[in-house]
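Protein sequences, first through last, are from chains A and B.
The numbering used here puts the first sequence at residues 1 to 334.
The numbering used here puts the second sequence at residues 1 to 217.
What the hints contain is simulated information worked out from the structure, not anything from laboratory work.
For clarity, every value in this text was computed on a predicted model and none was experimentally measured.
Check before you lean on any hint, since a few could be wrong.
[Said to hold, decoys possible] Pair ranges (Cβ atoms, derived):
{"#": "1", "chain 1": "A", "residue 1": "E255", "chain 2": "B", "residue 2": "A148", "range": "18 to 28 Å"}
{"#": "2", "chain 1": "B", "residue 1": "N169", "chain 2": "A", "residue 2": "E61", "range": "43 to 53 Å"}
{"#": "3", "chain 1": "A", "residue 1": "D116", "chain 2": "B", "residue 2": "R46", "range": "50 to 60 Å"}
{"#": "4", "chain 1": "A", "residue 1": "S251", "chain 2": "B", "residue 2": "R46", "range": "22 to 32 Å"}
{"#": "5", "chain 1": "A", "residue 1": "I208", "chain 2": "B", "residue 2": "E88", "range": "52 to 62 Å"}
{"#": "6", "chain 1": "A", "residue 1": "Q69", "chain 2": "B", "residue 2": "E88", "range": "49 to 59 Å"}
{"#": "7", "chain 1": "A", "residue 1": "E53", "chain 2": "B", "residue 2": "R166", "range": "31 to 41 Å"}
{"#": "8", "chain 1": "B", "residue 1": "V45", "chain 2": "A", "residue 2": "Q106", "range": "34 to 44 Å"}
{"#": "9", "chain 1": "B", "residue 1": "R165", "chain 2": "A", "residue 2": "N319", "range": "22 to 32 Å"}
Heads up, the beta-carbon is just placed ideally off N, CA and C, and yes, glycines get one too.
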Amino acid sequence: MPKPSIAYAAAHIFALENRLLSRDRVERMVEAPSASEALKVLSETDYAAGVSELAQPHDYEELLSGEIQRIYDFFQTISPDPEITNLFFVKYDFHNLKVLLKAAYQGREEDEFLIDSGGTLSLDHLKEAVKEEDYTQFPHYIREALEEVHEAMSFRVDPQKISVILDRAMYKHIFHVCRKKKNDFLLEYFKLQADLINIRTFLRVKKINQTFEFLKHLLLPGSELGQDFFFDSMEESVEDIVDRLASKKYSRVVEKGVETYLKTGSLSTYERLMDDFLLSYVKAARWNPLGIEPVIGYLLAKENEIRIIRIIMVGKINNIPSQIIRERLRDVYV
Amino acid sequence: MAVMRVNPTRMELTRLKKRLATAVRGHKLLKDKRDEMMRRFVGLVRKNKELREQVEKELTKALGDFLMARAVMSTEVLEEAVMYPTREVELKVSKRNIMSVDVPKIEYEEKSQESLSPYPYGFASTSGELDGSIATLSEILPRMLELAELEKTCQLLADEIEKTRRRVNALEHIMIPQMEETIRYITMKMDEDERASRTRLMKVKDMIEERSRQSSD
Numbered sequence: 001m002p003k004p005s006i007a008y009a010a011a012h013i014f015a016l017e018n019r020l021l022s023r024d025r026v027e028r029m030v031e032a033p034s035a036s037e038a039l040k041v042l043s044e045t046d047y048a049a050g051v052s053e054l055a056q057p058h059d060y061e062e063l064l065s066g067e068i069q070r071i072y073d074f075f076q077t078i079s080p081d082p083e084i085t086n087l088f089f090v091k092y093d094f095h096n097l098k099v100l101l102k103a104a105y106q107g108r109e110e111d112e113f114l115i116d117s118g119g120t121l122s123l124d125h126l127k128e129a130v131k132e133e134d135y136t137q138f139p140h141y142i143r144e145a146l147e148e149v150h151e152a153m154s155f156r157v158d159p160q161k162i163s164v165i166l167d168r169a170m171y172k173h174i175f176h177v178c179r180k181k182k183n184d185f186l187l188e189y190f191k192l193q194a195d196l197i198n199i200r201t202f203l204r205v206k207k208i209n210q211t212f213e214f215l216k217h218l219l220l221p222g223s224e225l226g227q228d229f230f231f232d233s234m235e236e237s238v239e240d241i242v243d244r245l246a247s248k249k250y251s252r253v254v255e256k257g258v259e260t261y262l263k264t265g266s267l268s269t270y271e272r273l274m275d276d277f278l279l280s281y282v283k284a285a286r287w288n289p290l291g292i293e294p295v296i297g298y299l300l301a302k303e304n305e306i307r308i309i310r311i312i313m314v315g316k317i318n319n320i321p322s323q324i325i326r327e328r329l330r331d332v333y334v
Numbered sequence: 001m002a003v004m005r006v007n008p009t010r011m012e013l014t015r016l017k018k019r020l021a022t023a024v025r026g027h028k029l030l031k032d033k034r035d036e037m038m039r040r041f042v043g044l045v046r047k048n049k050e051l052r053e054q055v056e057k058e059l060t061k062a063l064g065d066f067l068m069a070r071a072v073m074s075t076e077v078l079e080e081a082v083m084y085p086t087r088e089v090e091l092k093v094s095k096r097n098i099m100s101v102d103v104p105k106i107e108y109e110e111k112s113q114e115s116l117s118p119y120p121y122g123f124a125s126t127s128g129e130l131d132g133s134i135a136t137l138s139e140i141l142p143r144m145l146e147l148a149e150l151e152k153t154c155q156l157l158a159d160e161i162e163k164t165r166r167r168v169n170a171l172e173h174i175m176i177p178q179m180e181e182t183i184r185y186i187t188m189k190m191d192e193d194e195r196a197s198r199t200r201l202m203k204v205k206d207m208i209e210e211r212s213r214q215s216s217d
């Protein structure tokens with residue numbers, strides 16, 4: 001077992017970074033004439049073992065979830081601070097909780113949509129606990145969230161509320177850990193993420209003509225943009241938000257994203273720019289060999305890679321023109 | 001035209017004549033029914049075609065959007081987002097009568113729950129492309145139901161038209177000529193019989209007269 005020190009982890013990861021999917025491999029996948037051709041490109045990389053186990057290209061999700069699990073296991077051994085790296089894996093726990101709770105409130109059992117790779121909590125534990133409604137063995141942030149869900153649902157079941165409460169609880173937990181660890185780098189990262197997600201939520205709510213009341217409880221906590229900001233923006237036209245955010249680091253994302261959104265009505269560009277921006281934020285800090293930044297960078301690069309592969313595979317299986325796939329493709333890390 | 005195998009009797013003749021009258025009347029009625037059904041059918045089919053093209057176009061677009069929403073989220077996250085629907089739709093299927101054909105009538109009513117959000121998922125973990133495709137899909141639903149109703153109607157009507165047409169043709173080209181032929185055959189046969197018996201009677205009369213002449217001689 002290697003000793004998980006920061007320097008060791010950073011060195012190990014620098015070595016691994018070379019094996020990430022490079023830009024021209026991604027390009028070759030996009031240009032591949034079929035899904036199985038695209039997979040062939042993958043078999044030249046670290047994914048080779050996974051690819052050879054696939055019976056057909058349609059099962060690519062198995063490959064991806066296998067990779068997530070592999071990354072999770074890898075980070076458990078190498079991470080100098082698992083509590084921090086696990087922040088990127090709690091989303092799988094919360095996803096599973098959402099599925100289990102929604103199924104429970106519908107009075108049925110649900111196995112198919114659970115993600116059994118990458119979560120920090122055992123799936124069997126979660127299942128058992130939701131069934132018995134006994135959450136005592138869980139960390140406090142999950143316990144509190146679940147209690148809140150039950151309280152909110154006692155009157156009437158609103159599935160959106162389940163998701164919303166859990167999303168908020170997740171970000172609350174993330175910010176709590178960041179503050180506790182005094183990790184400014186990550187704190188800033190998640191703040192930017194929450195900002196960008198909130199702006200996206202705002203655009204989506206505005207599109208479906210809902211009121212501020214509706215938006216209010218969808219906003220994630222921890223964002224620099226408070227409720228007041230969105231309350232004012234609700235009154236104004238969508239273009240104005242670009243000016244109001246001109247001084248922010250992500251002004252370009254908002255500007256370009258909103259521009260194409262107004263033109264085409266699609267948020268895909270915004271989402272791509274958002275992911276690219278967050279990745280570039282981490283990328284900028286990756287050369288700090290004595291910090292946790294390179295580790296986080298690698299983790300995000302891997303997540304990004306999985307997203308890229310998914311977009312390409314879905315596109316290839318459904319014969320989407322390369323042009324449309326490329327529009328949605330995120331930047332690569334290396 | 002083949003003649004039916006009947007006894008050439010007067011009773012059979014009356015019976016056949018009655019049947020012929022009924023067949024002719026039935027033929028006229030059925031022909032009217034067929035023409036009217038065709039008229040309606042053509043109208044419905046035209047509407048059906050229009051609606052189908054429209055629905056198909058929109059559906060292709062919505063599913064395309066949905067596909068891209070699916071591409072940027074993992075399957076599990078997408079399924080979780082839509083696994084608990086907040087909107088309920090009530091469908092009532094009843095019958096409607098077009099030219100004595102029972103066609104379905106689908107009534108559609110959305111049970112609105114004001115206080116619940118129309119989107120059953122949180123906005124933080126889902127892609128914005130999902131909203132659009134779900135909105136389009138929910139707009140298409142009423143039209144898809146209308147299309148289902150229309151298409152079934154056309155199908156049932158087409159079946160009925162085919163049946164009616166076969167009946168009309170059977171009456172027109174087989175039943176009626178056959179009966180007419182048989183009637184002519186019976187009439188002729190009976191005339192023939194009558195002539196035969198008259199000749200016989202005349203012959204008998206002649207013979208009787210001959211005999212009485214001989215006895216008087």
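For V45 of chain B and Q106 of chain A, compare the CB-CB distance with the range 34 to 44 Å and indicate the outcome.
holds, 42 Å
Does the Cβ-Cβ separation between D116 of chain A and R46 of chain B fall within 50 to 60 Å?
Holds - the Cβ-Cβ distance for D116 of chain A and R46 of chain B, about 54 Å, lies within 50 to 60 Å.
Look at the Cβ atoms of Q69 of chain A and E88 of chain B and judge whether their distance stays inside 49 to 59 Å.
About 38 Å separates the Cβ atoms of Q69 of chain A and E88 of chain B, which means 49 to 59 Å is violated.
How does the Cβ-Cβ distance of N169 of chain B and E61 of chain A compare with 43 to 53 Å: does it lie in that range?
violated, 58 Å
Cβ distance range 52 to 62 Å for I208 of chain A and E88 of chain B, holds or violated:
Taking Cβ atoms as reference, I208 of chain A and E88 of chain B lie about 19 Å apart, which means the hint is violated.
18 to 28 Å was suggested as the range; check whether the CB atoms of E255 of chain A and A148 of chain B agree with it.
violated, 46 Å
Distance restraint evaluation - E53 of chain A, R166 of chain B, Cβ atoms, bounds 31 to 41 Å:
Since the Cβ atoms of E53 of chain A and R166 of chain B sit about 60 Å apart, the hinted range of 31 to 41 Å is violated.
A range of 22 to 32 Å was offered for this pair. Does it hold for the Cβ distance of R165 of chain B and N319 of chain A?
violated, 44 Å
Hint says 22 to 32 Å; check whether the CB-CB distance for S251 of chain A and R46 of chain B agrees.
violated, 54 Å
Hints 1, 2, 4, 5, 6, 7 and 9 from the list above are not met by this structure, while the remaining hints are.
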